[in-house]
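Take the given structure of chain R and dock chain P to it, following the hints.
For the protein sequence lines, the chains are R and P, in the order given.
Under this note's numbering, the letters of the first sequence match residues -15 to 249, in that order.
Under this note's numbering, the letters of the second sequence match residues 916 to 1336, in that order.
These aren't lab readings, by the way, just hints derived from the structure by calculation.
There may be inaccurate statements among the hints.
According to the in silico footprint, chain R covers these stretches of chain P (three or more CB under 8 Å from chain R) [to be verified]:
#1 928 to 937
#2 951 to 964
#3 983 to 993
Think of the CB as a built atom: it goes at the ideal place given N, C-alpha and C, for glycine as much as any other residue.
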Amino acid sequence: MRVLLLCPPDHYGIEYEINPWMHRGRDAMPEVARAQWKGLRDKLEELDARIELVAPQPGLPDMVFTANAGLVAGQRFIRSSFRYKERRGEAAHFQRWFEEHGYEVIALPPELFFEGEGDALFCGDVLFCGYRFRSEIRSHRRLAEILGCLAVSVELVDERFYHLDTCFCPLPDGGAFWFPGAFDEYGQRAIRDHCGSLIEVRLDEALCFGSNAVVLDRDIVVPEGCPRLVEALGGRGYRCHALPMTEFIKAGGACKCLTLYLPAK
Amino acid sequence: MFVEEIELSGHILDSLILPKILDEILSRGGNFRILEIQVGKQRTDLTRTRIEVSGPTPEMMDDLIRRLRQHGAEVVRESAVELAPAPADGVFPPDFYVTTNQQTYVRLGEKWIEVRPASMDCGIAVDPDQERATAVKFCEVREGMRIAVGHGGIRVVPWQRPMDRRGVFDFMASNVSSEKPKSAIIRELAQEIRRAKEAGGKILVVAGPAVVHTGAGEHLEKMIEQGYVHILFSGNALAAHDIEQALYGTSLGVYVREGSLAENGHENHMRAINAMRAAGGIRRAVECGLLRRGVMQKCVRHGVDIVLAGSIRDDGPLPEVITDVVEAQKAMRARLEGVTVALLMGTMLHSIAVGNLLSASVKSICVDINPAVVTKLADRGTFQALGLVTDIEPFLRELTGFLTEGSKETSTDAGPPTVPA
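Chain R extracted, bound-state conformation:
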């Protein structure tokens, strides 16, 4: 059974703009957001995942995106070091939760920006790490040293896909689905070299956050609006569960951003 960390959207809203999706004039509708988040939580539980909750904090609207809290390996929690000051307040709350739950917390130097599972995803034994908009490539080297794994760094080049988990989603069979246009040519080659079979997400579905999915063995929870991706994954034997995520996409996140794997693999 996978364990997932979520944060209720009690204080969620568009209060600042730190990615191209966010516009303060286009706030999320709280009731709809709550319903969408509950829909996700219910679906994940229905798929036999155990849900842990971290308490939301006023003034930290993005805490709902727990994927950015850090990266969990066994009982070790590598804490994020947020690039934007708007999100830095989240770190202490996540840290407290992990300490209270018996994790060893590892903090990277504050100048070494690292935004957790948002920019670091295991595909098999290889940790794929995104850099440029949020995480610093130098943090990847530290992750590789801490975790003793191969960390493949890929540069993100399209600001709409500012975190790796907005354009790349590993599958349990060693493959992945991804939007290649979010990476430079070296990143694309590195992903092709180290991943098994890849499914390309079309731009329109990538913009619906098709790659921002929660994978629970053969079940995949994806945002609505990605019928071709759902079909392609179905062809590989995966069951897709499409959920409305419109209110979170307003902040540049969807299913995966709202979820942190405990542990990452």
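Showing chain P alone in chain R's frame:
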């Protein structure tokens, strides 16, 4: 050339970050040299590398390094250049850095500052406020001047022959031999001189009296007339014998055209010197019409910058001759900015003296009948000079021939003459 050293580590091969960085350097007009690379043995081992990155301007390098940092490159910070005050006028502090004739930089804060001029056997005076580094000779040192000491924070960019091997300076090593196919070399040299002139570079001629004795003066005059000489460094003798010939037709009492001795010809050079002293100098003598021909007259007429440095055996000397060697050296150094080609002909001491002042990037050719002169020049540090063992007269005759031929070709290439309407 501006240089930075970067370090890179991580899974830079699997991530293709190393090839990306190298491609980025080249595509932005930089260059690289991998100084060290340690490739991990296990899949999870990190790879580490040190790379020297170079580029033509500091702005380009700043931009490039900023981009490379995004991909994880870390700049290896050089320690700043260490400075110590000069203890007295004309005295360097102990352990002062001694320059070569190669392009040299000193590290001041975050910047590499080029030492100017690139001149051997100097110390480096650094003005941190003006961000200026100057190669200074003993005589230029003033008490308290801040001088670079030790070797930290100092970089030398080795001069390399270009790889495209376009000209005589590129394909020839400076081996000395009288067996070389001179004509082809002289033709190439003529092309090099023309290219230098067209590119706005200055051509320096260092000549000894052999130019006059051997009857090569008229060829040098032709070069001056055609604008292929911008600066002339010489001593008292070249000028004295050139003027002797201009006034009396002899050089050291020998009629240059016939090769026969003139009666009481040994007096001629003394009379020539006396005439110049009486006229108030060579320039005055030209201006008043006393001196109507010869190399020196052409130099004055065509605005060639002349420095005549004296020596202990000089007769006279001529009024223009600088007898204080320190002052003479200063005068020569002051004129070297912009020199791209140097012709060192028929004088050992002046060739070595000027060779010592030239940057390694100046294309230099040493022509002498004595192979030892050419060898000596190279052995004393002017390693970049090409040597040609030959008599000056046939050399200059052929060179001016090619230069004249070349300018005719150029004017033909320019197209048909325009017909006035």
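Okay, the hints, checked on the actual structure:
1. 928 to 937: holds (count 6)
2. 951 to 964: Contact hint for the region 951 to 964 of chain P vs chain R: holds, 3 residues under 8 Å.
3. 983 to 993: holds (count 4)
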